[in-house]
Each structure stands twice: as C-alpha cells, then as structure tokens.
Amino acid sequence: MSLPPSVLQAQVSLGDLLDLKSFTEVCQSFAELYRVGLKVFDATGNKLVDVKVGNADFCGYIWQKPDGRSQCIATVGRVKSDEVAEEATPTIFDCFSGCRYAVQPVMYEGDVIGRIVFGPFVPEDLVSLPATLTSISSDFDERLATGYQQKIRRVSQPTAEKIIKHFGDLLDVLVFTGHKNLLTARLHIEAVQESYRELQEKNRQIEESYSALKELDRLKSNFLATMSHELRTPLTSVIGYSEMMLEGLGGPLTAEQREYLGIIMEKGESLLQLITSILDISKIDAGRVRLVISEVDVGQVMRDAVATVMPLARKKGLKVMWEPSPMPRVYCDREKVRQCLINLVNNAVKFTPAGGQVVLEARPVPGDRIGLVVTDTGIGIGSDHLPRVFDVFYQVDSSSTREYGGAGLGLAIVKSYIEAHGGEVKVESVVGRGTTFTVVLPLRAAAAAVAAPGASQAATG
Amino acid sequence: MVQFNNETREIAVKVVYYGPALSGKTTNLQALFQQIDPKVRGRLMTLDTKDDRTLFFDMMPVFFKTAAGVKVKLKLYTVPGQVMHESTRRIVLQGTDAVAFVADCRRSEAASTLAYWNNMLKNLEANGLDYRTLPIVIQMNKQDLPEARTEGELGDLRAVISPVVIPAVATRGEGVLETLHAVLQLCYRSLDARVGLEKKWRISEREFLDAIFSHVAMKGTTAGTAK
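Protein chains in written order, with the numbering used here: chain A, 1 to 461; chain B, 1001 to 1227.
If a hint is listed, it holds; no wrong ones were tucked in.
Quick list of the computed label-pair ranges, beta carbon to beta carbon:
hint	chain 1	residue 1	chain 2	residue 2	range
1	A	V192	B	S1108	32 to 42 Å
2	B	L1145	A	S81	54 to 64 Å
3	B	Y1131	A	L20	42 to 52 Å
4	A	D172	B	T1171	26 to 36 Å
Hints listed in this document are in silico derivations from the structure and should not be mistaken for laboratory results. Virtual Cβ for every residue (Gly too), placed ideally from N, Cα, C.
Please put together the full structure from these sequences, using the hints given.
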C-alpha cells in the first residue's frame, strides 16, 4: 500500500505560487513608479506578466521596418531565453536600438523557476542613436525616432541593477509566501483525504468482521436446530414406549411401576417442550421461520389456548376466563398464533398464585388490527426488567434457587412470531398486582408482513 | 524516494525529523537554520495554523553544486507532533531518504517516545519504505534535564532495529549538527550503494558532507563535528 503523491513531492512552478491578477497589479505599479517596462517569465518561458512603459512609439516605429522587426524579435528572444548565471544577480542585454534590458533569474530553493526582464531603458551614457539602428532602413527618420526615444526613461546601469534587484527581493517574498500558502492549503486537503481513506479502510475491516460474526452466528443457529432435532427423535421414543407400557402393551404393571412410568412420561413431555422451544428460537435466529397464512377463527384459537392450560390452572386453584366476543376474520399463521397465546396464558398461570385469575379477551384496535389481551393477577414484573423480558434466555429471577422454571424462550418466541406477522407485543405490569400482555395483530398479516420492515428478519428467512 | 534527474544533473534528497510533540524537532531545524551558511540553504518555512497554535510542520531546503556540476537539493522536514496529525505525519514521510528521530530523553517521556517510534515504523511501512534498510538516527534530546535516560536504557527503541544514537541539547544547538551529519552520512552511503553517487555522479562522501558542513557556524556545537 502506498499513498498518492503529495504536493510536497511536486515541482513548484512560478505561476502556481502567485495570484497572477494581483501580481500583475504589483508589477504595474512598480513599472509606473520607475517608468520602465517589466516582464516576468516562468521556467518554461511562459510570459506571466508584461507591462510596457514609454517604449510603445519607439519600438512601434522600428517594428514598421522589416529589418527592425526581425532584429527586434531576435533581441526579445535573447532576453527571454539566453542562459544567465543561476544566481539572483542581473545580467545586462544590449538592444540594437541602443536601449538595454536587465535580466535576473527568479531563484527558489536553489532552482531557477523564472526570470525577470526589466526594460527597455535608455542607458545614461547614450548620446545618439547607434548605427545598428539607423541603418535598418534607408528611409529611417532619426529625428522622429529620437523624439520617440525620449519617452523612454534614461537610467544608469547601477540604478537599473538596483531596481531589478529590489524587484527580485520583492518577488522572492511573494514566491515564498505563495509556496507556504499553497503547501498549507494543499496539505490540509491531503490530510483530510488521508484520514478519510484510513477511516474507509477501518470501516471495511469492521464490516468484514461483522459479516464473519454473522456467519458464525448463523452456523451456531444451524447447529442448535440440528441438535434439537436429533435430541427430539430419541426422546419421542422414550415417551412413546413409556406410553405403550402404561397402556399395558408390555404386560401388567404394579401401581409403583405405573407411577414411575407416569413421572418418566411427564418429564419427557416437558423436556420435549423445552427442546421444541429451542428449535423454534434457533429457527427464528437463523431466519428460517415461514408463515403459513390462512383465514383463522381467532375465537377458536383462544378457546384452544385456554383449554390447553386449564388442567394446570385447576391444579393451582386459579380461575381462567375467556370472554367470547364477535370477532372479524384474521389472516394469520394459525399454529404460530396458537403457540403465542398458549405461551402467554401459560406464563400467566405460572406466575399467578392460588386464588388469582387469568383473563383472555379480544378487542378491536384502530387500523384494521385486533388486540388479544392476557391479564393476570400474578406477582408482576419490576419496571427495570420490563424492557428485557422479550430477550432470548432472559429471566427476571436468574438465581439458581429460583421458584419458577422455564428456559426464558417463551416470550422471545412470542415477540418474533407476532412481529413476523407485522404485529407487536406490549406489556404493562405492576409488581404484586399483575401483568397484562397485549398482542396486536393486523387483520391481514401477509400484506402487513411485507410492509413492516421490522418483521423482515423472521418473515423472509 | 530520492529523485535523480540525468538531464539536468540534479539529485533531490529528503530527510524527515520525526518525533513526539515538544521533543525538539523544530528547535533542531531552527538551530540548523542559524548554523548553516545562508549560501547553501533557503528560508526556514514554518507552516502553522493561526487559530489554534498547532504547529503543522517545518521545511528547510539546502542546496549546492558539486565539482562535477551536479546540483544536490536537500530538503529537511519536521512532522507535526500532535497525535491528531497522524495523516499529515504519514504524508510528510512519503518518499523520505533518511529519518532523524528526535526523542525527549527523560524517563517520564519513555512511553510516549516508544509509541511514536512504533507509529513511525508503521507509517514508514504504509509508505512502502523498509525501516530495516532506511537510514535512521535517534537523537536523544534534552540531555540537560534531570531524569535523562542513558544509552543503556534505550532497549525499547532498539527492539526492532538498532540505529545510531546521538545525545543533544537542541535548545543550545548541541548535537544538532552531529545529528544531521550522522543522518546525511548514512543517507550518502545508502544512496551510493543504490545508485553509485561516487562512480556515476562523481560525488565523494567527503564532498557531499563538506558542502554543508565546511561552512557551518560552530557556535554551540560540541567539539569534533565529524565522527
């Protein structure tokens, strides 16, 4: 892995370091102050600034003559491109017209990054127009040319050198400041880009480990589902053969043998139920729950649920009431809704002491929904436990000496199944007074399950 | 990475001063700025953000022409020391030819020094630079303060590679030239081995070092600069 090239590695060019518009203004005011023209080139010979002062008529007149034009082009070429010493001192170039140019390279960090051309100016010691100029054409008008030349400033060579040196020093500061600003700005951007790249890289790593974890989790759930299935098969035989013996298929039994077999069967049944719950929850975890939607008589399902828990309730001395009321048809998974109601009513019976009561009722809920409400007069759930009662394996009393059995799977299954329908489960409770669980189901689950994204995990697996 | 330009006969070399915040990197460059002949060096550029006093980094160019007409351009950089400027540190390290690691030698700074040292090795790697072969010198700065670690106590920094160690008091200019000298000497040797500075470019180690160190102001340095 390597970083993209930084501005620190780049060659500097004079044009990049200066704001050309304001630099041109500086050059103009400088040229006006000294009344001499000024040109600035970058290292590759591009003209960045060109300010002409006083020489327009003179040079224009010479330019009209073919010989003057060609010699002028040659002079300008020399001034622009001839090699000069790589140090910040001026070199003087003579023009055939008697004028002069002072040229100084722009040095930065030991490199030549451009050149300053100061001129043309008239040397102080020039008395008359030189023969090199007057001979460019037979019709050369010396009087006119001399008049034009007077518009160009006369400067002594030492003064010219001082002026260009001064401008060189000024430009040096501008270049340094420009470079500093360029580096600061660009490096800030590069630093942000680099931090962003680093962040992206970390995000990618996090995403990778997240999907690795998800895969592990899926494998775990698969394993649980398979194991539960493998546990159930022999257990069914244990229960089945116990039942056959109880029915006398293996010969007559003593009262004691019957009692023992009864216990084996009962414990076998509750073990089977536990394994079934684990299988359910692992299917939910693995996202393998599929709803089988049909038109369901919810009243019938409620009756079934109450009938299922009735023996246990009678044994504990509880009243279980089911309030029949006219009910709309509900499209849902009959088996799963039945299991949810059994889980809720079973819980209610489990946590309600003798003499209490459990009520199961249905009421319409706005928005084409129906609410199935299980109310008990049991021990209740503390408010600190309420938000977590639907978590898998969560137990309000998780001590080893707890009074009530169970694996902590029932409510988790209820929540998953109801949410798969696009419904919701709510709980309210007062410690010592009782608990109310409300299952809200849409009347048409299939449509709701598609519409409710929260239900997608269980519904679409 | 060192840049050679055959056409213009130029060699550009980059040296980075790396280290924790307040270890004395900028002080080193400032001392060098004072001591190196202005003929062979440019301005010391200090990039800072004006609002929060955070020092960004410094840069100083050093340049000279050899007898064989080769232009040698050396750029000295410091990295920003603050933890938050991690990405800038990595950018400044890009393509460096040698590193001077400036450490605060006090025992109380040992942990953060080690953290920056390891962080530097990581950032060199991120730039595709091999710290096992890159010229690296450690400057144990602030020798004048109590609690200074002795050379025998630098095992933590020498766990992976074992660089040259130079003691210094950068605020007094002591050890600063020695550090640069040591870095450039190693740098010359590594470049010479890779591209033949002596044979191909006709620059001897002596000429390379003398160009910078023959005109230094010796104020504040310990006796005997060249080792």
